[in-house]
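Make a model of the complete structure from these sequences and hints.
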Amino acid sequence: MKKYPSVRRLPKFDYVAPQTLKEAVDFLSKHQKAAAPLAGGTDLLLNMKRRAVVPQYLVALKNIPEVDAITYKKDQGLRIGALATIHAVETSPEVKRGYPILSQAAATLGSIQIRNLGTVVGNVCSALPSADMVPSLVALGAQVKIINRAEEKLMPVEDFITNVGKTVLAEDELVQELLVPPLPSRGGGTYIKYAQRGAKALGICNVATWIALDQDTCTEARICLGAVGQTPIRAVEAESILKGNPFTPETVKAAAQKASEEARPRSSPLRGSAEYRKTTVGALTERALLSSRAQIE
Amino acid sequence: MQDHDYRVVGKPVPRIDGRVKVTGTATFADDLFMPRMLHGKLLRSPYAHAKIKHIDTSKAEKLPGVRAVITGKDFPGIVVGFMKQYADRPPIAFDKVRHYGETVAAVAAEDEDTAEDALDLIEVTYEELPPVLNWEEALKEGAPLVHEHAKNNIGTTCKFEYGDVDEAFKTCDYVLEKKLATQRVAIGFIEPHAALAKVDGSGRILFQGSKQSPYITWRHLAWGLGLPLDKIRIVNPYIGGAFSGKHEALDLDFCAVRLAQKTKRPVKIVVNQEDIIGTYRQRHEKHVWLKAGIKKDGTLVAMDCKYISDGGAYLSVAALNLYLFGLFNALPFRVPNVRYDATRVYTNLPVCGAVRGQSQVIAGYVFNAMIDMLAKDLGMDPLEVMRKNIVKQGETLPSGSKISSTGLEKAIDKVVDVIGWKEKQAKKVPNRGIGFACGAQISGCRMGGHFASSAVVKIGEDGTVQLIHGGTELGQGCDTVFAQMTAEVLGVNFEDVQIEMEDSHDGVLDSGMFGDRCTTWSGNAVIAAAEDAKRKLAEVAADMLEAKAEDLVFRDRKIYAKDTPEQSISFLRAVRNAYYGVGKSLYGSGSWSFPGAEIADFSQGYCEKFTPSFSFVAQAVEVEVDPETGKVTLLNSVAADDCGRPINPLLVEGQMDGGSAHMIGQALYEISLYNKKGVPLTGSMRTYKIPTALDVPKLRNHHVLVHDPLGPFGAKGAGETCTTAIMAAIRNAIEDAVGVRLVEPPFTPEKVFEALRAKKEGKK
Numbered sequence: 001m002k003k004y005p006s007v008r009r010l011p012k013f014d015y016v017a018p019q020t021l022k023e024a025v026d027f028l029s030k031h032q033k034a035a036a037p038l039a040g041g042t043d044l045l046l047n048m049k050r051r052a053v054v055p056q057y058l059v060a061l062k063n064i065p066e067v068d069a070i071t072y073k074k075d076q077g078l079r080i081g082a083l084a085t086i087h088a089v090e091t092s093p094e095v096k097r098g099y100p101i102l103s104q105a106a107a108t109l110g111s112i113q114i115r116n117l118g119t120v121v122g123n124v125c126s127a128l129p130s131a132d133m134v135p136s137l138v139a140l141g142a143q144v145k146i147i148n149r150a151e152e153k154l155m156p157v158e159d160f161i162t163n164v165g166k167t168v169l170a171e172d173e174l175v176q177e178l179l180v181p182p183l184p185s186r187g188g189g190t191y192i193k194y195a196q197r198g199a200k201a202l203g204i205c206n207v208a209t210w211i212a213l214d215q216d217t218c219t220e221a222r223i224c225l226g227a228v229g230q231t232p233i234r235a236v237e238a239e240s241i242l243k244g245n246p247f248t249p250e251t252v253k254a255a256a257q258k259a260s261e262e263a264r265p266r267s268s269p270l271r272g273s274a275e276y277r278k279t280t281v282g283a284l285t286e287r288a289l290l291s292s293r294a295q296i297e
Numbered sequence: 001m002q003d004h005d006y007r008v009v010g011k012p013v014p015r016i017d018g019r020v021k022v023t024g025t026a027t028f029a030d031d032l033f034m035p036r037m038l039h040g041k042l043l044r045s046p047y048a049h050a051k052i053k054h055i056d057t058s059k060a061e062k063l064p065g066v067r068a069v070i071t072g073k074d075f076p077g078i079v080v081g082f083m084k085q086y087a088d089r090p091p092i093a094f095d096k097v098r099h100y101g102e103t104v105a106a107v108a109a110e111d112e113d114t115a116e117d118a119l120d121l122i123e124v125t126y127e128e129l130p131p132v133l134n135w136e137e138a139l140k141e142g143a144p145l146v147h148e149h150a151k152n153n154i155g156t157t158c159k160f161e162y163g164d165v166d167e168a169f170k171t172c173d174y175v176l177e178k179k180l181a182t183q184r185v186a187i188g189f190i191e192p193h194a195a196l197a198k199v200d201g202s203g204r205i206l207f208q209g210s211k212q213s214p215y216i217t218w219r220h221l222a223w224g225l226g227l228p229l230d231k232i233r234i235v236n237p238y239i240g241g242a243f244s245g246k247h248e249a250l251d252l253d254f255c256a257v258r259l260a261q262k263t264k265r266p267v268k269i270v271v272n273q274e275d276i277i278g279t280y281r282q283r284h285e286k287h288v289w290l291k292a293g294i295k296k297d298g299t300l301v302a303m304d305c306k307y308i309s310d311g312g313a314y315l316s317v318a319a320l321n322l323y324l325f326g327l328f329n330a331l332p333f334r335v336p337n338v339r340y341d342a343t344r345v346y347t348n349l350p351v352c353g354a355v356r357g358q359s360q361v362i363a364g365y366v367f368n369a370m371i372d373m374l375a376k377d378l379g380m381d382p383l384e385v386m387r388k389n390i391v392k393q394g395e396t397l398p399s400g401s402k403i404s405s406t407g408l409e410k411a412i413d414k415v416v417d418v419i420g421w422k423e424k425q426a427k428k429v430p431n432r433g434i435g436f437a438c439g440a441q442i443s444g445c446r447m448g449g450h451f452a453s454s455a456v457v458k459i460g461e462d463g464t465v466q467l468i469h470g471g472t473e474l475g476q477g478c479d480t481v482f483a484q485m486t487a488e489v490l491g492v493n494f495e496d497v498q499i500e501m502e503d504s505h506d507g508v509l510d511s512g513m514f515g516d517r518c519t520t521w522s523g524n525a526v527i528a529a530a531e532d533a534k535r536k537l538a539e540v541a542a543d544m545l546e547a548k549a550e551d552l553v554f555r556d557r558k559i560y561a562k563d564t565p566e567q568s569i570s571f572l573r574a575v576r577n578a579y580y581g582v583g584k585s586l587y588g589s590g591s592w593s594f595p596g597a598e599i600a601d602f603s604q605g606y607c608e609k610f611t612p613s614f615s616f617v618a619q620a621v622e623v624e625v626d627p628e629t630g631k632v633t634l635l636n637s638v639a640a641d642d643c644g645r646p647i648n649p650l651l652v653e654g655q656m657d658g659g660s661a662h663m664i665g666q667a668l669y670e671i672s673l674y675n676k677k678g679v680p681l682t683g684s685m686r687t688y689k690i691p692t693a694l695d696v697p698k699l700r701n702h703h704v705l706v707h708d709p710l711g712p713f714g715a716k717g718a719g720e721t722c723t724t725a726i727m728a729a730i731r732n733a734i735e736d737a738v739g740v741r742l743v744e745p746p747f748t749p750e751k752v753f754e755a756l757r758a759k760k761e762g763k764k
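Line by line, the protein sequences are chains A and B.
With my numbering applied, the first sequence corresponds to residues 1 to 297, in that order.
With my numbering applied, the second sequence corresponds to residues 1 to 764, in that order.
There is no bait here: all hints are sound.
Once the Cα atoms are required to be at most 27 angstroms apart in a straight line, the calculated DSSO-like pairs of lysine-lysine come out as:
| id | chain 1 | residue 1 | chain 2 | residue 2 |
| --- | --- | --- | --- | --- |
| 1 | B | Lys763 | B | Lys376 |
| 2 | B | Lys51 | B | Lys151 |
| 3 | B | Lys677 | A | Lys49 |
| 4 | B | Lys388 | B | Lys291 |
| 5 | B | Lys698 | A | Lys200 |
| 6 | B | Lys751 | A | Lys253 |
| 7 | B | Lys376 | B | Lys422 |
| 8 | A | Lys258 | B | Lys760 |
| 9 | A | Lys278 | B | Lys760 |
| 10 | B | Lys751 | A | Lys200 |
| 11 | B | Lys609 | B | Lys159 |
| 12 | B | Lys759 | A | Lys278 |
| 13 | B | Lys62 | A | Lys49 |
| 14 | B | Lys73 | B | Lys59 |
| 15 | B | Lys676 | B | Lys179 |
| 16 | B | Lys422 | B | Lys698 |
| 17 | B | Lys558 | B | Lys548 |
| 18 | A | Lys145 | A | Lys73 |
| 19 | A | Lys253 | B | Lys760 |
| 20 | A | Lys278 | B | Lys751 |
| 21 | A | Lys278 | A | Lys253 |
| 22 | A | Lys49 | A | Lys12 |
| 23 | B | Lys759 | A | Lys258 |
| 24 | B | Lys428 | B | Lys376 |
| 25 | B | Lys458 | B | Lys584 |
| 26 | A | Lys253 | B | Lys763 |
| 27 | B | Lys62 | A | Lys12 |
| 28 | B | Lys676 | A | Lys49 |
| 29 | B | Lys763 | A | Lys278 |
| 30 | A | Lys22 | A | Lys33 |
| 31 | B | Lys295 | B | Lys306 |
| 32 | B | Lys376 | B | Lys759 |
| 33 | A | Lys12 | B | Lys59 |
| 34 | B | Lys21 | A | Lys200 |
| 35 | B | Lys751 | A | Lys258 |
| 36 | B | Lys59 | A | Lys49 |
| 37 | B | Lys759 | A | Lys253 |
| 38 | B | Lys676 | A | Lys278 |
No wet-lab data here; the hints were simulated from the structure.
Here it is, written out as structure tokens:
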């Protein structure tokens, strides 16, 4: 019989807090499905209360040194450790200086309480279509660094997320950090979260754009749409309208129109009809591109 | 007393419970803990409509730590409701479930985890029935019946007529017919439902819950449990908001008591917000077919109002809801000829009852929207049509009530001025618009049975004053207001007055906290009690001062004869003399009821002595609409209220801010949605979009000072009045901004966008 689905108290579990990444990965490898890594817990604990997942072990990462670091090196770019909170990214001077789009995206996520607990890596690993950090990370060409007992590997964020709530991460693997590459000087990016309410909101659609210019020619354009498909969507056709061409109001409009076509939203009583959401993707992509342009020079 | 003489009344003193609340030391129901206390959990129906064939509790009972399991059979034959004639609800489902989430069984166990585990072991055999999930389906011939006794799923109806509507329409220059609808919304108090019950060896029950009107709960519990009133004592802890969602005794209240009786141990039950938002009390979905007629000069003449309200599985206060909508649907405007025909329909959805502002919120929306549309169609300024038709002081409404005082005209002037209507109208910015609306609310009424208020004032030997009143402090601030009134009467400082929370044993009778009645009714009772205590002290002081008791003035902790203020004695000295010297206790009691108050007769649309006064509000809202997405941004809101004399302007402004924010939610964001099986789609704070601080614009509040003859210090109600105008003001502003005529909130970006598109296509 179907039970009344309600938020329950947390199920019983054992809590382990390894001191090193190696210990953590060893533990995950040993217990596989029975263990779940715990970062901020804002998604995991709620899923446990709903009995969507009932892990026997929670593997807290918080005793591992440096795992919450946010570091920037000119030649390597930005690194966001697995436990760096969304609030830390939102307020980090390095992020604000070099990657303001990330700080801007972080500020739209949930509420201040959620941002204080939740982590950027957690937001990526939860792989929800509406994840606020993901479109900007994809637009910036960010990669995830995955570790397991045997190896470390890098993978673009957009390839890492495969479906609603699904990633390529195996049960014995962890995301150690996110790597955001160094950016050319004449670049600009914008994230627009479009929702009915100002906080704790479900996006009707979300758009991140990042462009680089040489004179007036667009040398790089990355557009990522959130909440309008099963995964965040790279609007590659829209990008190709811009890339290599002069950045003009006409090309921006054409790219925005194309992005609207590339969105694949479903009709939802909570977020609006598919048609409406596609239309707003167009309007917001245009705004995001123009705002990205305005940041250059 | 002259205005400027008041020492405490009319002053923005900080809340009496402020320190306790901000330091986190106020005790709410879930903070309570008793020795040997058990934890209760409720098992809820996964179906919107089903017969309960069998419930097997044996496995749950055997789980270690479980102390009792109860089902509907533990409340045999019991049916409760808002009034006896509207009783239709078993304390928990008995042989049938009528909405998703309805409680079918309850468990008490040593800890919460065990109680939850036990719920999984209760085996309920259901026979699923087809649910009816909206009023249209429910009214169809042959539709499944929510209640076997209610043919066509009609729960209750209300009909009446004032004047001669058909004749009046013939005299109109313009008649507009429009169907408007407002959505079902959740209530959204911050403290969840909670109940703690203890039964002593004599069978006497101590009940402590999060209840809005403990006396209503008290009577319901006694009725539902078949106990005399004196077997139940209710003590209210601090309450974290209620907005009319916590009057009735609910499933958890009955279950906590029954489980406590069964286990002979205290039982606490707390419901989580995710269950509350989707499955507890809500505001009715209302469909209004309105026909209104107007003269060329803007005079409103006639109105025909058909009204269907979709209210879910049980009636709750639906009869009152329909009645009030009929009585005051044009208020604060004058419409001499009105025909009203209302039906409340049962559906297999959670129960709709009262929510802050009751019917007046929706009536205010519907009628202000209608006036705005009528005026725009005639090319008139909506504001002028509103101004022309507002009720005036001394006027008698078609439904019989007299307007004892009103400052609405001044309130309109104020908001027009502050929002900058004239300047902004002259220099119109594209996609920006301003909307106006006027609202009103009764200051309580008598619905039947007991409706007076009472209070006790005890002056302590240390010169402090203990006030016991029957209103309920829910966060709205009545404790502060009553302490101010008491201090003013006794001439002591505000800090000298203390109040404890409600207790049906030590306390005094009251009917509860609703319909903007508390300030007027309980406030007048408080004044009467303070005057009574003052009289007793005056007799003692008169001897000490060698003056006449009736000549004494109590002021600034001093007592003196009015002609010789220099020869005063301290309040404390007089009090000590009363207790230590004379041997006299200084207890005062008082009560108040609206003189001549008639019991509301729901079959009659006429009642002269219905409410002591009406309070009013005018509101102006400025919006900006994004034409590319349809999103509405609120730029400004200005409200001016007439709540008589604000006893505490700070608290009234808090109410006004809260009232605006509350209804911004219903205007722009909130809607309770259910899927095809009646399962909530908006059952969490994430999906149910109550506005956040970021969604509320700068709210500017003003007061129009009016002295109401029956009001305590001239005051009237405030907390509901301030919710009655803003929803229409937002709608009217959207039409002013972009010329689209929306009538069904919430005005979501998509609705606005579609209307803009339709407008564009219509022009092509």
